[in-house]
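2 protein chains.
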Amino acid sequence: MNHALRADGEQILRSALNVVQPDAAVRRTLQSFSPGGGRSLIVAIGKAAWQMARAAVDTLDQVDGGIVITKYGHSKGDIPGLLCLEAGHPVPDENSFSATRKALELTCGLSTDDTVIFLISGGGSALFELPLISGDELAHITRQLLARGADIVEINCIRKRLSMVKGGRFALHCAPARVLSIVLSDVLGDGLDSIASGPAYPDSCDSAMAKSIAEKYALELSDKARALLDVETPKTLDNVQTYINGSVRELCAAAAAAAAKLGYEPIYLTDRLSCEAREAGRFLSSIAQSHANSGKSLAFIAGGETVVHLTGSGLGGRNQELALAACEGIAGLKNAAVLSLGSDGTDGPTDAAGGYVDGDTLSALQGCRIELHEVLRDNDAYHALKAVGGLIITGPTGTNVNDVSIALLRSEKQTHIRTSSNIISAKLN
Amino acid sequence: MNHALRADGEQILRSALNVVQPDAAVRRTLQSFSPGGGRSLIVAIGKAAWQMARAAVDTLDQVDGGIVITKYGHSKGDIPGLLCLEAGHPVPDENSFSATRKALELTCGLSTDDTVIFLISGGGSALFELPLISGDELAHITRQLLARGADIVEINCIRKRLSMVKGGRFALHCAPARVLSIVLSDVLGDGLDSIASGPAYPDSCDSAMAKSIAEKYALELSDKARALLDVETPKTLDNVQTYINGSVRELCAAAAAAAAKLGYEPIYLTDRLSCEAREAGRFLSSIAQSHANSGKSLAFIAGGETVVHLTGSGLGGRNQELALAACEGIAGLKNAAVLSLGSDGTDGPTDAAGGYVDGDTLSALQGCRIELHEVLRDNDAYHALKAVGGLIITGPTGTNVNDVSIALLRSEKQTHIRTSSNIISAKLN
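As they're listed, the protein sequences go chains A and B. Residues in the first sequence are numbered from 1 upward in steps of one, following the working numbering. Residues in the second sequence are numbered from 1001 upward in steps of one, following the working numbering.
Read the hints as simulated data drawn from the structure, not as lab findings. Among these hints, one or two may not hold up.
What the hints assert, rightly or not - Beyond 12 Å from chain B on every Cβ pair, some chain A residues (computed):
#: 1; residue: A4
#: 2; residue: R14
#: 3; residue: G37
#: 4; residue: K102
#: 5; residue: G109
#: 6; residue: S274
Unchecked claim - If the Cβ cut is set under 8 Å, some of the chain A residues that face chain B in the computed set are:
#: 7; residue: M209
#: 8; residue: C275
#: 9; residue: Q289
Where a beta carbon is used, it is the ideal one built from N, C-alpha and C, also for glycine.
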């Protein structure tokens, strides 16, 4: 492994993660907040819910109660006056439902003087959910939609209608109280009715669309579910103010700034990456290959959310798969690396946040008798990267603004600048 | 369609194609050529064979005969003193075999004073072939290798051993005559034993590798074919001088220069693009999307040779598929386009050289009731692009240095510079 490149890569990621922590943004937004004279309640949902709630409590003069609903392992302890709960993600579970019920109880019967500080981050779709049908039927409908090739917009259009909180219904429930919605975006392009399925944002889909989707995919639905497709979601919400804080664009900009500080010329490619993970990795590796002999130190930066179409049953995540697929194109290059990170610290169902490969990775894999193409066919990037020290492990980062992928080229002449590392440590077994 | 972007895109491609015409390069190389006192013979193979041979004849004082073997439709007429033949590509046919036999006869029994001017361009693998087994068995073996997932390196390792001319054997046949090999590269990284299967370059594979590949894929082979795997190809060739002229890197550089001339800031990404065509298109569209509001005129340039894994039975080529797949990501943008071109003028088994899409393309497709994802599933980019005027049609260009793909962003402020167009014309029906 090229330890200088690995260290540079980690430092860039660490700096970028520090910039997109939600704390400062929440504080900034709430500093200009003037309570309406009534109660101030906090409802925080998503993978960054705990951090956002902590920052809100620290900033506000008065908090009259609240609830935090985050993913298992993402709560960092008690927050005075708030109930901190953990629930299932990416699949909602009974704890999601019961926590959401508690949030609805807390915000029931509010008046115009009251305010709900609603802190939203990615993961909220699963964590903040109380279906109007049984959890089993909801799961069955979702499975049908996925199996028949529905896209995420279609899936959400149906699910919003089957939920007590999605598609603007939570804000409607809080009315006439004011809802101050602070959003940490993990959706490319920041579509507010998509982030956490938009509990406090007018729904852009209507019942007619929902019914045509049900017909298109010949969905099996109970009579109740079918009737619910007819019930319209809110199309306007005059009690909500929304602030977007943090996004993958900020993550990319922070990575670029950190790379520049280390002596790399940053080249910002995109914050909308959405193609197949492994092909994105190959594209980045072809960029690295072509610039390896330029004599320059370069950092090509692409943010977004790639996809993986499963062909196997191995362990991995989109960032690990992207990085692993890049190792072939840069094999043998002394000064090239490709790395990719999920900013929430969780890449797929693994304990890794992403992956790192460089010019030595392919031969290291071969040394372990690991055949790259077999691993990719089996979607088993985790074990392959683990074998060669290529996992990036951060634990929950407290933020969630999608992924950043970087192709790094390091010129021989580059001065080595290093500071101490603490967020990211690589498990090297 | 955005006609300004389309015109800019075509002008960039046209300028780039002009720069990578092989004529000037062949002339430059041959100007310093001093004949050995004996005969000077020309053997030109590949899609650019005619142009290269024409330039050679124009430059040399003395030509004592020669043969041109190019693809059907690629000969532009007689060249005095040379036999111009056309043959099958991408699958070799009887005309490939008989033309190659004529080339071997022409270069039989040469002396140390003689010189063979060997002009190589892409397509030569199919056009210049005389198998040591029957054409039927060769086709059967190739089909087995493809069906069992062998990669191109493995396929060529086997085929070189079954051929009278590949893997350095043509140069060996010409010995002791000098072989002056001028190569127009269509292979990423310019691997000289890969371009046209390296008839005049030492083979990097050996018999042991060939036999292990035959075993790996459990190839059905006749006794003769099996025996041929044991016959070694040349590992050194001391009668050959090789000059590489023209490559995809030059094509990219020329496109960058042409874009700059039109007021775009060129950003050179890679000359090694080799991922899935449609995913490369999506990556480029995500780049375009992220820079659409930058207020700058930008041209992101990627050269290489993408791949298409067929899932349908439609008509298209890798450049058309790349462009078409990009139309979704840039849909609705007023100032963004993605275009992709095969420099030989032939993209897949079509009469188009590539494709062009912009922010209007997706809605134009919808207007024609063409569903993008269905088209992509059926690999039918040709008909979809044809319906919306998105084909780029050049006819045979006379060169062959792989593909170039460009994401163009045009600022409102950009001055419109235009010159007359003649190489590229779009069929707009």
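Cross-check of the supplied hints:
no.: 1; hint: A4; result: holds, 23 Å
no.: 2; hint: R14; result: holds, 24 Å
no.: 3; hint: G37; result: holds, 41 Å
no.: 4; hint: K102; result: holds, 40 Å
no.: 5; hint: G109; result: holds, 43 Å
no.: 6; hint: S274; result: violated, 6 Å
no.: 7; hint: M209; result: violated, 16 Å
no.: 8; hint: C275; result: holds, 4 Å
no.: 9; hint: Q289; result: holds, 5 Å
Hint check: violations occur at hints 6 and 7; the rest are consistent with the structure.
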